[in-house]
Amino acid sequence: DGGITQSPKYLFRKEGQNVTLSCEQNLNHDAMYWYRQDPGQGLRLIYYSQIVNDFQKGDIAEGYSVSREKKESFPLTVTSAQKNPTAFYLCATRQVGTDTQYFGPGTRLTVL
Amino acid sequence: ELKVEQNPLFLSMQEGKNYTIYCNYSTTSDRLYWYRQDPGKSLESLFVLLSNGAVKQEGRLMASLDTKARLSTLHITAAVHDLSATYFCAVVQLAGTASKLTFGTGTRLQVTL
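Protein sequence lines, in the order shown, are assigned to chains A and B. Take 1 as the starting number for the first sequence in this note's numbering and just add one per residue. Take 1 as the starting number for the second sequence in this note's numbering and just add one per residue.
With the rest of the complex left out, here is chain B (with noise of 0.2 Å):
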């Protein structure tokens, strides 16, 4: 049964600063994503990583997959308070031709001033 675990689950963040969320997952898999929920409402995707060694950024958000540790990185740069949401990773499971999504319990972010 594939698991994915996030940590930290809750990080307060100051503004101007750089953090890390890590997304470790426990059986094989190539395909991973980012999604963004903020309170109440539902998810948006923020990055999809295709290959071992992918990296994807957009603004302050930079995203990184290592297939052979299992491990995908969320790197925040200089936090701003409009990045205050919870971020999910999901890895891609197939089966068949069905592809399933599996989550992680998601990270908590807050950024203070």
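Chain A with its partners taken away, still in its complex shape (with noise of 0.2 Å):
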């Protein structure tokens, strides 16, 4: 983290609702990562941004839509068709050029 801010930290949602998860950076970093780490396991990748206006669907995007209008932006919105979105979800920034990820602090989702 450092430089990468997620809020909130904690996000309760009632089954149905969408919710949108933020990640600002000011590491001038172009590209940015959304993954999610279910208890016990890895992190999986749902979508992901190399620059401004684009984006591309990661391994488990389904349920999942996100938006990269300025650079230093990335929300992701959970939407009602995502069947089990409790999970931490961890946003990642990375220059160009380099493989290097920085890890944002994370959000804690829990469906109610």
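FYI, nobody ran anything at the bench for these hints, they're computed from the structure. Possibly wrong hints are sitting among the right ones.
Cross-link-like lysine-lysine pairs, in silico, DSS-like; alpha carbons within 25 Å at most [unchecked claim]: (1) B/K41 / A/K9; (2) A/K57 / B/K3; (3) A/K83 / A/K9; (4) B/K68 / B/K56; (5) A/K14 / A/K83; (6) A/K70 / A/K57.
Here are the computed distance ranges between Cβ atoms for each label pair [stated by the list, open to error]: (7) A/A61 / B/G40: 22 to 30 Å; (8) B/N24 / A/A81: 32 to 40 Å; (9) A/Q17 / B/G96: 34 to 42 Å; (10) A/I51 / B/L113: 45 to 53 Å; (11) B/R60 / A/N84: 34 to 42 Å.
For clarity, every value in this text was computed on a predicted model and none was experimentally measured. All C-beta atoms, glycine included, are put in the ideal place defined by N, C-alpha and C.
Mind assembling these two chains? They're in different frames, but the hints should get you there.
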């Protein structure tokens, strides 16, 4: 983290509601990523963006949507179509030309 | 599809002893990362291994990469309680100009007295 902020830290949602998770960075990195982590498991890629106004689906994009209108921001919307959204969500950034990804502090989403 | 496997999934370590975590991956890649995660926290980058035979050391941790065997190891020397955490390896995949990481399932280390 340090330069990457995610908000809120904890989020509770009722079933059937859409919810948007925020990711902001001041590292001037071009690429941004969203991952999902379930208890006792590794990270799985949801969406990623290499440049403003462009993004690609990752391995588990169904039920999620993103936008990249500004270089600094890459919000993730968890829609009601996502069957089991309770998880820890991590945003990461990367400077193009390198592989290193830097991670934000995460948002823990719980569906009630 | 790239698969990344770590073993063991859980390791109970005695203080002062040495241990090794293994990370195997299924397709060709010559770049690999190791991350640490404390409970409820984000990921902290430990090592980046950029070529076959690469070895990096920091304190009691040493990581190595054998791209021909598609294997990376994380060796812990004289374990101490501060090393208790979950450790992930992540393999770099390139898709055009995009760089993606595929993560292993993680190895949870617990150091006991």
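**Message:** Does B/K3 sit within 25 Å of A/K57, going by the straight-line distance between their CA atoms?
**Reply:** Distance of about 18 Å is within 25 Å: holds.
**Request:** Measure nothing beyond the straight line between the CA atoms of B/K41 and A/K9; if it is 25 Å or shorter, mark the hint as holding.
**Result:** Status holds; Cα separation ~11 Å.
**Message:** Does the beta carbon distance between B/N24 and A/A81 stay inside 32 to 40 Å, or does it fall outside?
**Reply:** Once the Cβ atoms are compared, 35 Å apart, the range 32 to 40 Å for A/A81 and B/N24 holds.
**Asked** Given a hinted range of 34 to 42 Å, is it respected by the beta-carbon distance of A/Q17 and B/G96?
**Response** holds, 36 Å
**Message:** Does A/K9 sit within 25 Å of A/K83, going by the straight-line distance between their CA atoms?
**Reply:** At roughly 21 Å apart (the allowed maximum being 25 Å), A/K9 and A/K83 satisfy the hint.
**Request:** Could you say whether the range 22 to 30 Å given as a hint is met by the Cβ separation of A/A61 and B/G40?
**Result:** holds, 26 Å
**Asked** Do the beta carbons of A/I51 and B/L113 sit within 45 to 53 Å of each other?
**Response** holds, 51 Å
**Asked** Keeping to a limit of 25 Å between CA atoms, is the pair of A/K14 and A/K83 held or broken?
**Response** Roughly 12 Å between the alpha carbons, so the hint for A/K14 and A/K83 holds.
**Message:** Just to be careful, I want the Cα atoms of B/K68 and B/K56 compared with a cutoff of 25 Å; is the pair within it?
**Reply:** Roughly 18 Å between the alpha carbons, so the hint for B/K68 and B/K56 holds.
**Request:** Decide if the proposed pair is consistent with the structure: A/K70 and A/K57, CA atoms, cutoff 25 Å inclusive.
**Result:** holds, 18 Å
**Request:** Mind checking the hinted window 34 to 42 Å against the Cβ distance between B/R60 and A/N84?
**Result:** holds, 38 Å
Of the numbered hints listed earlier, not one is contradicted by the structure.
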